[in-house]
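Q: Okay, here's what each chain looks like letter by letter:
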Amino acid sequence: MQTVFSIGVDALAYGMVLFVISIGLSVTMGLMRVVNLAHGAFAMIGGYIASYAARDLGLGYAVAVMLAVVGTILIAIPVERLLYRRIYGQPELTQVLMTIGITFCIIGIANYVFGPTLKTIPTPEALREPVSLGFRTVSAHRLFVIGCGLAVALGLWYFIERTAFGVKLRASVDNAAMAAALGVKTQVVYAVSFAVAVGLAAFGGVVGAELLPIEPYYALRYMVTFLVVVSVGGAGSIPGALAACLLLGGIDTTGRYLMPEFGEFFFYLAVIAIVWLFPRGLAGRAK
Amino acid sequence: MALLANSDTISTAGDRRARLTRDAIGVLVILVLAAVGYFLFPNNLALLTRIIAIALLVLSLDLVTGYCGVATLGHAALFGAGAYGAGIAAAHFGITDPIAMLAVGIVAGALAGLVSGVVVLRAHGLPQLVLSIAIVHLAHEAANKASGWTGGSDGLAGIMPDAVFGLWQFDLWGRTAYVFGIVLLLVAFVILRQIVRSPFGMLCRGIKQDPVRVRAMGASVHGTLIKMYAISGAVAGAGGALNAISTQVVGLDSLSFTMSAEALVMLVLGGTGSLYGALIGTISFLWFEDVVSAANPFHWLTIVGALLIAVVLFAPKGLYGSFAAYLERRGRKGR
Amino acid sequence: MSAIFDVRNLKKMFGGLAVTNDVSLSMAPGDRVALIGPNGAGKTTFVNLVTGNILPNSGTVTLGGEDVTRLGPTERVRRGLVRSFQVTRLFSEMTPEEHVALAILQREGRSGKMFASHRAMPDVMNEAQALLAKLGIAQLAHHRVSEIAYGQQRLLELALALALKPKVLLLDEPAAGVPQSDTARIEQAIADLPSDLAVLMIEHDMDLVFRFARRVIVLAAGEIIFDGSPDAVTKDARVRQAYLGSYADARSVA
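Quick note, the sequences are listed as chains V, S and Y, same order. Per the numbering used here, the first sequence starts with residue 1, numbered consecutively. Per the numbering used here, the second sequence starts with residue 1001, numbered consecutively. Per the numbering used here, the third sequence starts with residue 2001, numbered consecutively.
Calculated directly from the structure, the hints in this document are not laboratory data. Misleading hints may appear alongside valid ones.
[Unchecked claim] Cut-off 20 Å, straight-line C-alpha distance, at most; resulting in silico cross-link-like pairs (EDC-like, lysine to aspartate or glutamate): (1) K1208/S x E2093/Y; (2) K1208/S x E92/V; (3) K185/V x E80/V; (4) K1208/S x E2147/Y; (5) K2167/Y x D2182/Y; (6) K1317/S x E2147/Y; (7) K1317/S x E2093/Y; (8) K1317/S x E92/V; (9) K1145/S x E92/V; (10) K2165/Y x E2147/Y; (11) K2011/Y x D2067/Y.
[To be verified] Some chain S residues flagged as far from chain Y (calculated, every beta-carbon gap over 10 Å): (12) I1025; (13) L1028; (14) A1034; (15) D1154; (16) P1199.
Virtual Cβ for every residue (Gly too), placed ideally from N, Cα, C.
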């Protein structure tokens, strides 16, 4: 029973981390129709910045998180301007190549700057203590991660459904040409969404660092995980992404607990099975 | 009318001769390069043989990506299937005749191609890409877990191929393996040139350009692609088997995502959809890797990434494609 | 003459809406039928139902006496139901000769051959040349499709359809998007279609309809409201209502 409970909490926390990191990818893919394999690399950059700020500079956790988000966005802006702009509307293969190229570069640079070792992000005292729920104790960090995931989901929902920008965003996702004709500055919508997506990735990379450890191959190791969330959940769909994250988090965590010797075997098997059953995503929207 | 028909048959025969000549030149160039490599780098034949094995993988990738337009990041699974197929046949079943090992590798590759084709072609776009990545990861994890058969992360050792036709023993310098590889590459190349030019190859190119039109002609898109995937698997499997035979060991890296991605990089670097591009891309990439990683192994990934970005931005047709386009432009001006 | 192509009580619902409602039509070899209707009448859905891209909720499609209602698009093509597209769909990197040769090989079940070249098959090459010559584009046989004019691409579409030797040919606005100067050649090509072929043309251009069709079918709001001679169609009250009514609606909206 204890195991089931632990698996449940870990799965929920893991799913939430996946959600925070991937939701930006999902929205930008729905919006710009770009197959972006480098998204995980931005989460990794966030993790590195936070680790550097908290461990080497001795700054507080909250400050480190802020720095990571802002810093990653600042790094991403020129990348978007110089490289991503060139592949909007290009064939899928071109997008794959460009974004894999970006991923490889970021991995190589991270390896050069920070070395191949694992980087930790010291968390504040309060997050390290176990929290009693009355009948069970849980790691405060897990609860914090779950809370972050819920906050992001709610915040995004509000942002997309209830704000003027959200209206423009949804219009652009549905039909960019039409939105542009109606006076929506799609370039601005793209730029803001890209920045938000990258910022969320960095945020997820930092708060999830205990579950997805920061090291140079992070961007490759979890590439398929983030992509599968989008393709299973359906690009641009928040509920779809949330469902996909919880499902995949559950499968991966259960596999690790019960059959660690199989590594990620069951995870990839599940990925294939899910995409096989829902080739157009859980939400069922084509492309 | 008679005159017209006459001139037509002449032009058809002429066309055919021109194309055969071009293929003959291709074969000749490969032979010359092979001889040059043999005499210039007698101590580096192992690297040259590895280039040949990878070239088969990249050729095989060109079949599905370049000719059929299916983007995949999991093609190493087919190469690895061939390598492990040949390796396991030798190490566990005593099938040590190199031709038989090659045959096992080809069959294993074709089967892996068939399976991944069925899986990958289930979806389109991003989900398709995800499936292809998941396949190579799954194969990797499976090979890692089944260490009794595959040697796991230590690699599969104990592969001792016999002499080729009982005459040519595999030597320490890798001369036999090199010649074996060159012959294999030539045979594969000639067969593939034939296939891509055949009605079947034309159908594949059609699918890449407009699958709806292909269906409207009454042809099966899915069936054709699956067939091509199996052929592609056979070629990649041959490459894997060659690698197993020449290095006498099979490692998990032959089933890796990185290998799949690098194969794609090599293909795009050389240029898709011509087979020549696949060869040129493989040679340039692996030669470059050898030079650069000897200088600084840590920067290798950065350089590959930068190379990819540069190709996408500045030479989207690849080395061979850009060269061919240049020739075509000049030829037209000349006319 | 017996029907080569027969549609019975075809019905297709999207949600609660019947986009094709109880449509029946029958064609004999040699028929020249035009299908017209105002925008939104359900012509596209009808084409998709007939070609097998979508399945009907009820009703049957029969081709040469065989029920093909549940067969997919490629199966129908193989049984002789061939269509052209409203916007050309061609292989931009291939030549007209390759297009037609591929269609001929596909028709003969030889498109899967791996160790042969169509250029080494005199029968295929001669047929392809003859077909391209018949449509007046033989001189372009070796150019890439991306390099030839749109009007000529439309002629190639026709050549492709003919290469499949159809029993029933569905022409979806064959002259759409073609400059005025080239329409005459396309019209001529349509007039020259084999006399035993049943042709169903979906068309907006009424001049073309009157020159081509010996029978006109009018589709409005998913139903056939007229099926008769071209002379009678303009005098039919329901047809006038459907066209002028929607025209008036369109004006009041604008």
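Q: All hints, please: hold or fail.
A: Tested hints:
no., hint, result
1, K1208/S x E2093/Y, "holds (10 Å)"
2, K1208/S x E92/V, "holds (13 Å)"
3, K185/V x E80/V, "holds (17 Å)"
4, K1208/S x E2147/Y, "holds (18 Å)"
5, K2167/Y x D2182/Y, "violated (27 Å)"
6, K1317/S x E2147/Y, "holds (19 Å)"
7, K1317/S x E2093/Y, "holds (14 Å)"
8, K1317/S x E92/V, "holds (15 Å)"
9, K1145/S x E92/V, "violated (33 Å)"
10, K2165/Y x E2147/Y, "violated (27 Å)"
11, K2011/Y x D2067/Y, "holds (16 Å)"
12, I1025, "holds (18 Å)"
13, L1028, "holds (21 Å)"
14, A1034, "holds (25 Å)"
15, D1154, "holds (40 Å)"
16, P1199, "violated (5 Å)"
Hint violations for this structure: numbers 5, 9, 10 and 16, all remaining hints satisfied.
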